[in-house]
Amino acid sequence: MTQKVTTADCKKALAQAWPTVFGTDLPDQASRWKRISKRGKKGEPVERVFFHETLPVQALVVEKDGVIVDTILRGFARFDAPEDSATEAEFAMAERAETNAGFEFLGKYPLFRPSDFLFKMCSEEEAARDGHTWYELFPTTDFGRGETHNDEQIDYLIMSHLPEGDGEVMEGTFASQGTVSECEAALRAKGFICADEWTPTSKKGAGAETDD
Numbered sequence: 591m592t593q594k595v596t597t598a599d600c601k602k603a604l605a606q607a608w609p610t611v612f613g614t615d616l617p618d619q620a621s622r623w624k625r626i627s628k629r630g631k632k633g634e635p636v637e638r639v640f641f642h643e644t645l646p647v648q649a650l651v652v653e654k655d656g657v658i659v660d661t662i663l664r665g666f667a668r669f670d671a672p673e674d675s676a677t678e679a680e681f682a683m684a685e686r687a688e689t690n691a692g693f694e695f696l697g698k699y700p701l702f703r704p705s706d707f708l709f710k711m712c713s714e715e716e717a718a719r720d721g722h723t724w725y726e727l728f729p730t731t732d733f734g735r736g737e738t739h740n741d742e743q744i745d746y747l748i749m750s751h752l753p754e755g756d757g758e759v760m761e762g763t764f765a766s767q768g769t770v771s772e773c774e775a776a777l778r779a780k781g782f783i784c785a786d787e788w789t790p791t792s793k794k795g796a797g798a799e800t801d802d
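Residue numbers (my numbering): 591 to 802.
There's no promise every hint is true.
[Unchecked claim] List time: in silico DMTMM-like cross-link candidates among lysine to aspartate or glutamate, alpha-carbon distance up to 20 angstroms:
| no. | residue 1 | residue 2 |
| --- | --- | --- |
| 1 | Lys780 | Glu726 |
| 2 | Lys602 | Asp618 |
| 3 | Lys793 | Glu688 |
| 4 | Lys794 | Glu634 |
| 5 | Lys793 | Asp660 |
| 6 | Lys628 | Glu678 |
| 7 | Lys698 | Glu714 |
| 8 | Lys710 | Asp741 |
| 9 | Lys602 | Asp615 |
[What the hints assert, rightly or not] Between beta-carbon pairs, the in silico distance windows are:
| no. | residue 1 | residue 2 | range |
| --- | --- | --- | --- |
| 10 | Gly781 | His739 | 19 to 27 angstroms |
| 11 | Gly633 | His722 | 46 to 54 angstroms |
| 12 | Gly656 | Tyr746 | 24 to 32 angstroms |
| 13 | Lys654 | Gln743 | 48 to 56 angstroms |
Note that these hints are calculated values from the structure, not bench results.
Keep in mind it's a predicted model, so treat the numbers as computed, not measured.
From the three backbone atoms N, C-alpha and C, an ideal C-beta is built for every residue, glycine too.
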């Protein structure tokens, strides 16, 4: 008989994953999670999304055949709560992220992966016209699987992942010292995803068969 994974099991896994992002910081916060959703049908991986009780952090716990196979901790930023579709809980998380404390917290810890962002390069002609190479970064939602739109500063979320010397010159647009081809290669090497090669796979809103 397949072992049943409970919410308590998920919280334990999240506590164990905590040091991978926060090191020895905030140990008293490692177990403070609230389950927000569960999705997945019989025979498929079951996904549970958790929001932290006090910090702008969300988590995904993936269960397969009664075993937790993946645990992802990710920051929660304003773009994770689209105005036209966000839930009350998501709006509350966005408000938490937009405080001064939330801004500083998200900038301090590596809570976003390069693969959480899509890039779109300028053309050679545009680089020649503007005198430098530039590219746009687009954040995704649902742990890198859903589409979103953003018109706010994002460099503080991913500064440690940017190619050396690159910087945000306006919301979501970054300048590079390299050529277009060099910049694109550097972004790919870091793990950013080319927007033209990405297809959204989010199943957000899909239900699950049980409540645990």
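query: Can you name, in rising order, the numbers of the hints this structure does not satisfy?
result: Numbers 3, 7, 12 and 13, in rising order.
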